[in-house]
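A.B. asks: Spelled out, the chains give:
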Amino acid sequence: MAEKVKLKWNGLDIEAEKGSNLLQAALDNGIEVAHYCYHAGLSIAGVCRMCMVEQDGVPRSFPACNATCTDGMSIHNDTPKIKAAVESTLQFHLLNHPLDCPVCDQAGECGLQDYYMKYGQYDSQMIDKKVHKPKVQDIGKNVMLDAERCILCTRCTRFTQEVTNTNELGILNRGDHAEITVNENLKNDYAQNLVDICPVGALTSKDFRFRQRVWFLDELQTTCIGCETGCSVKVSENKNGAFRVKPLYDHDVNGHWMCDDGRSIYKHVSSPTRLQSASECINGLFVPVDETIVQNTVKGKKPKYILSAGLTVEEYAAFFNAVKGAKVDVALYTLPVHGPEFDGILRRGDKNCNLRGAKAAFEKAGFDHSKAYLDKLLNGITSQDVVYVVVPEIIYNEDHFNTLISKVEKAGTRIALTPGETLASMRAFNYLLPVPSFLEKNGEILNYQGSARKLRAGLNYGETSKDVSYYGKWVNV
Amino acid sequence: MILKTDLYRAHGFLRGLYLGLKITMMTMLRNLFKHDRMTLNYPEEKYFYSDRFKGKHVLTVKEDGTLRCTSCMLCSTYCPAQCIHIVAADDSDKEVEKAPVSFEIEMLRCVFCGFCEEACPVDAIRLTGEYEMSGHAEQEWVADHYELAFRKSLNNGKGIVSTVEDKDRLKLRL
Amino acid sequence: MKETANNKDYALLSYHHIPGVHNLEIFERAGGYQTMKECFKKDPEAIKEEVKQSGLRGRGGAGFATGVKWGFFTKDRKAQKYLLCNADESEPGTFKDRFLVEKNPHILIEGMIISAWALATQKGYIYIRGEFYQQAMILEKAIAEAYAKGYLGKNIQGSGFDFDLYVHRGAGAYICGEETGMISSLEGKPGKPKLKPPFPAIKGYRGLPTMVNNVESLAAVPWIMKFGAAAYKQWGTEKSPGTKLFSISGDVNRPGVIEVPLSTTLKDIIEIHCGGMRNGNKLKAVIPGGSSAPIFNAEDSYAVKMDYEDVAARGSMLGSGAIIVLDETRNMGDVLKWTLEFYHHESCGQCTPCREGTGWMEKLFKRRERGTAKKSDIDILDRTASSMRGQTICALADAAAMPTQGMIKVFREELEQYVTTSTRK
Numbered sequence: 001m002a003e004k005v006k007l008k009w010n011g012l013d014i015e016a017e018k019g020s021n022l023l024q025a026a027l028d029n030g031i032e033v034a035h036y037c038y039h040a041g042l043s044i045a046g047v048c049r050m051c052m053v054e055q056d057g058v059p060r061s062f063p064a065c066n067a068t069c070t071d072g073m074s075i076h077n078d079t080p081k082i083k084a085a086v087e088s089t090l091q092f093h094l095l096n097h098p099l100d101c102p103v104c105d106q107a108g109e110c111g112l113q114d115y116y117m118k119y120g121q122y123d124s125q126m127i128d129k130k131v132h133k134p135k136v137q138d139i140g141k142n143v144m145l146d147a148e149r150c151i152l153c154t155r156c157t158r159f160t161q162e163v164t165n166t167n168e169l170g171i172l173n174r175g176d177h178a179e180i181t182v183n184e185n186l187k188n189d190y191a192q193n194l195v196d197i198c199p200v201g202a203l204t205s206k207d208f209r210f211r212q213r214v215w216f217l218d219e220l221q222t223t224c225i226g227c228e229t230g231c232s233v234k235v236s237e238n239k240n241g242a243f244r245v246k247p248l249y250d251h252d253v254n255g256h257w258m259c260d261d262g263r264s265i266y267k268h269v270s271s272p273t274r275l276q277s278a279s280e281c282i283n284g285l286f287v288p289v290d291e292t293i294v295q296n297t298v299k300g301k302k303p304k305y306i307l308s309a310g311l312t313v314e315e316y317a318a319f320f321n322a323v324k325g326a327k328v329d330v331a332l333y334t335l336p337v338h339g340p341e342f343d344g345i346l347r348r349g350d351k352n353c354n355l356r357g358a359k360a361a362f363e364k365a366g367f368d369h370s371k372a373y374l375d376k377l378l379n380g381i382t383s384q385d386v387v388y389v390v391v392p393e394i395i396y397n398e399d400h401f402n403t404l405i406s407k408v409e410k411a412g413t414r415i416a417l418t419p420g421e422t423l424a425s426m427r428a429f430n431y432l433l434p435v436p437s438f439l440e441k442n443g444e445i446l447n448y449q450g451s452a453r454k455l456r457a458g459l460n461y462g463e464t465s466k467d468v469s470y471y472g473k474w475v476n477v
Numbered sequence: 001m002i003l004k005t006d007l008y009r010a011h012g013f014l015r016g017l018y019l020g021l022k023i024t025m026m027t028m029l030r031n032l033f034k035h036d037r038m039t040l041n042y043p044e045e046k047y048f049y050s051d052r053f054k055g056k057h058v059l060t061v062k063e064d065g066t067l068r069c070t071s072c073m074l075c076s077t078y079c080p081a082q083c084i085h086i087v088a089a090d091d092s093d094k095e096v097e098k099a100p101v102s103f104e105i106e107m108l109r110c111v112f113c114g115f116c117e118e119a120c121p122v123d124a125i126r127l128t129g130e131y132e133m134s135g136h137a138e139q140e141w142v143a144d145h146y147e148l149a150f151r152k153s154l155n156n157g158k159g160i161v162s163t164v165e166d167k168d169r170l171k172l173r174l
Numbered sequence: 001m002k003e004t005a006n007n008k009d010y011a012l013l014s015y016h017h018i019p020g021v022h023n024l025e026i027f028e029r030a031g032g033y034q035t036m037k038e039c040f041k042k043d044p045e046a047i048k049e050e051v052k053q054s055g056l057r058g059r060g061g062a063g064f065a066t067g068v069k070w071g072f073f074t075k076d077r078k079a080q081k082y083l084l085c086n087a088d089e090s091e092p093g094t095f096k097d098r099f100l101v102e103k104n105p106h107i108l109i110e111g112m113i114i115s116a117w118a119l120a121t122q123k124g125y126i127y128i129r130g131e132f133y134q135q136a137m138i139l140e141k142a143i144a145e146a147y148a149k150g151y152l153g154k155n156i157q158g159s160g161f162d163f164d165l166y167v168h169r170g171a172g173a174y175i176c177g178e179e180t181g182m183i184s185s186l187e188g189k190p191g192k193p194k195l196k197p198p199f200p201a202i203k204g205y206r207g208l209p210t211m212v213n214n215v216e217s218l219a220a221v222p223w224i225m226k227f228g229a230a231a232y233k234q235w236g237t238e239k240s241p242g243t244k245l246f247s248i249s250g251d252v253n254r255p256g257v258i259e260v261p262l263s264t265t266l267k268d269i270i271e272i273h274c275g276g277m278r279n280g281n282k283l284k285a286v287i288p289g290g291s292s293a294p295i296f297n298a299e300d301s302y303a304v305k306m307d308y309e310d311v312a313a314r315g316s317m318l319g320s321g322a323i324i325v326l327d328e329t330r331n332m333g334d335v336l337k338w339t340l341e342f343y344h345h346e347s348c349g350q351c352t353p354c355r356e357g358t359g360w361m362e363k364l365f366k367r368r369e370r371g372t373a374k375k376s377d378i379d380i381l382d383r384t385a386s387s388m389r390g391q392t393i394c395a396l397a398d399a400a401a402m403p404t405q406g407m408i409k410v411f412r413e414e415l416e417q418y419v420t421t422s423t424r425k
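Protein chains in written order, with the numbering used here: chain A, 1 to 477; chain B, 1 to 174; chain C, 1 to 425.
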């Protein structure tokens, strides 16, 4: 543990690590300090001049983001001088801002709006011609740039410099004509983080563009199932479905960021091709069917299970609990490695989000989770068998999955339990049963470090059963 | 009881009765013998309401014939009946940037409070004096933006209530 | 010529009357580079102490004591360090460094070698303003001469001390005259000032300790080392000793660069050194320290003594010593307009108050061109300027705000009349 120092903030006693950032110390202690350019994951720029503070015994005010905590310092940011400074600096920020909040996606979570209501509320004196800069620029990787809304906090340029080391963004020109530009379109795989760190509406997501106003959305804190890293994320959703995924700060796993691949993990959840109820495939069409009919069909037949590595620990436990004593074959289907093993920041090639949990559950129940055993099971399929395939939620490599389906086709009854979109190749199954997606179930998954990551239920979609024993239910019908 | 009221005490019974019913009587007599009656032979005769009446909504239109609405969703946020449904999309005009592809009001849910008019930052939605609304099926009561902006009854049959120059709005952009 | 401390030409311009002194040979014959040779025999700490004793204050504008600044520098003689000479003289009205470098580049080079020996910096850069092409060439030539003579390079004068000196031309940005902005520019980045702390003396060019000094400060070092701190202190006052170059422009008969002891009255400078006002016009105002210094009215101008304390006491600053004399024919509105245009153009755009403030002040002041000006605009201007002060990384916001506020204080009525005169066509 680092050495702690005690300091006073507006007369309030707070504690901070010695030598840590003064602004961060205040934020950690729940004190609100206006700031735009400071971001805990980036270097200090000190250009927005919003976090100005006064220290007893120091004549000049200074920005808190560039100060370090020392023992016994007494800091104020509620003096009339500082309040006036923050107000006028905010006025400067808004001076050339186009104020197109009605068409701006950031409205509702915009730093300018928030601080205007908190620290501003002045009458504008600006009747002069504003400086105009290019709007609506598609700079690639699903990011839209509006240079006019930008307050030049340089968070985005620092992100491309320091985190991704790709340097696509920079500042052109001087003075009030300075604007963020791209030297070439964005090419890094973490570009969507720029949208998150932009405190105003200058960088917005093309994927989320105009789909919802943010005040209609609720936040669901959960875990990304895109790969085995298991980043903490928050999913913005409402009764119409999920709309976007943003990273949540997690010191141990993902820090402040997440990759672009993880941004699209919500898409299958409320996709129009997702099944709402149990269906039977008749002549290539999926027709809703009662679950009891399916149960009658499979009654008494020997089931073979192919599980995916994307279920929660609880679901595996409930399943193997049901399997205990029954004569069932169980194998594990794992997604193939997609992309590089590890890209150096967060993203991993192994897309099986709960591979460790699955293996542990298999071993505990005495089953073989190896690829060889899956092949053995597939080769042993006869027309008498009932084969259950738990489809992975997100299938990165469709061809690989289709080969699995083609091998299953020998079985007499083929049933898929699918939490995601319905692929064309799924017509090979007799029955499709919808199971909850990651946004509809509570549970835990074990990420690459083996640490438990929480999934939380938020959405309701169709007639999917939220019961963790649903998978096991089909063993003993 | 009535004997104790101030009117009775001050004026006596008959005069008190006359004073109390004076306006009622006068109106009754005027309606009996004069022709400006309060009752109208609706629908042959129609009452004219002022422009401030909160009747059926109208969407204003820009000079080029597109909706003035920028789909900021403030009206649907503000709406106490939650009857306004807007789907936004990119507009090809970069000055406009955002425009609705669908704008629907569920008339049966609407309480005609006029909050949408108040909330609108660009004068895109107004409540008119139009009060005649009828329909059979539920679907007929969902007004889409064709009906809201271009219905025949608007503006003496011209179909559009107002074409406001969009320069007014862009004037804000100095 | 007899070498005494009481030469008429004082310290810095003591060689300037010699024809061809920009040649090393002539400079040396006149006594140049002798001090340097003696200094190599001295203890570096003693040189630092001597400069500190002389009370020499930074001539770039801020007036921070050079000796004290050197005292903050790391004493580790082995570590990689840099000496930067700030020749990015861009302040409107200032041309003293150009004059110095143009006429006598060797005095600067000698000063830099002595300073480098005292500070143990292995490399030196002269960051010269981009527009000073000719002066940069003169410096290049002088440096080549010094290399040929063995005054620069490896093992100078057998002292075992290596010092390399380079000239770097800027690209014409005013902000690169700010020391951290200059370091950014030298590093190849846009010339944007860096956050302080850390100060350049700790973490400067390429993240290594860097000492940045003005041309005039460095050029004064050889004289101080030659005649001693006590001789230097005979001029000026206790707090601002020595002599200073003033570049005088505007409505005087003989504008130009002069060297006078600090604490000379402005009246003497105008009347004696500059031959009085042009055409016998009445003096209206004087900007005493470059465009960023608040203006003096006629009364203050005649009373002020040109040293750091007295100018500051009267609400302005000595700055770089650029005296701009304005006579009665000048409109103060135009002066402020051009000042505001300059700072708007030169703001680097990093800190919000400066980026937006400089631009807005110009727009505010030019509202008369759109016919929307009111008298109260002056109040808004004053408020805007005051909210810019002390809010930014570097002093450019202050440099724009101070003359604005100063001008409003002194010539308010004239400005009010100026802004309300519509020039809308």
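Just so you know, these hints were derived from the structure itself, not from any lab.
Keep in mind that this is a model prediction, so the values were computed, not measured.
Any given hint could be a false lead.
[Said to hold, decoys possible] Not everything, but these chain B residues come out facing chain A in the computed CB check (under 8 Å):
id: 1; residue: Cys72
id: 2; residue: Met73
id: 3; residue: Ala88
id: 4; residue: Ala89
id: 5; residue: Glu97
[Said to hold, decoys possible] 35 Å max Cα-Cα, derived DSBU-like pairs, lysine-lysine:
id: 6; chain 1: A; residue 1: Lys118; chain 2: C; residue 2: Lys123
id: 7; chain 1: C; residue 1: Lys409; chain 2: C; residue 2: Lys196
id: 8; chain 1: A; residue 1: Lys18; chain 2: A; residue 2: Lys327
id: 9; chain 1: B; residue 1: Lys22; chain 2: A; residue 2: Lys246
id: 10; chain 1: C; residue 1: Lys305; chain 2: C; residue 2: Lys189
id: 11; chain 1: A; residue 1: Lys130; chain 2: C; residue 2: Lys366
Each residue gets a CB set at the ideal place from its N, CA and C atoms; glycine is no exception.
A.B. asks: Are the hints correct? Go through all of them and say.
C.D. replies: Right, here's what the structure says about each hint:
1. Cys72: holds, 3 Å
2. Met73: holds, 5 Å
3. Ala88: This hint holds: Ala88 of chain B lies near chain A, its Cβ roughly 4 Å from the closest one there, short of 8 Å.
4. Ala89: holds, 6 Å
5. Glu97: With a closest approach of 5 Å, the Glu97 of chain B hint holds.
6. A:Lys118 / C:Lys123: Since the Cα atoms of Lys118 of chain A and Lys123 of chain C sit roughly 51 Å apart, the hinted pair is violated (cutoff 35 Å).
7. C:Lys409 / C:Lys196: holds, 31 Å
8. A:Lys18 / A:Lys327: violated, 62 Å
9. B:Lys22 / A:Lys246: This hinted pair is violated, its Cα atoms lying about 73 Å apart.
10. C:Lys305 / C:Lys189: violated, 41 Å
11. A:Lys130 / C:Lys366: holds, 14 Å
Violated hints, listed in ascending order, are 6, 8, 9 and 10; each of the other numbered hints is respected by the structure.
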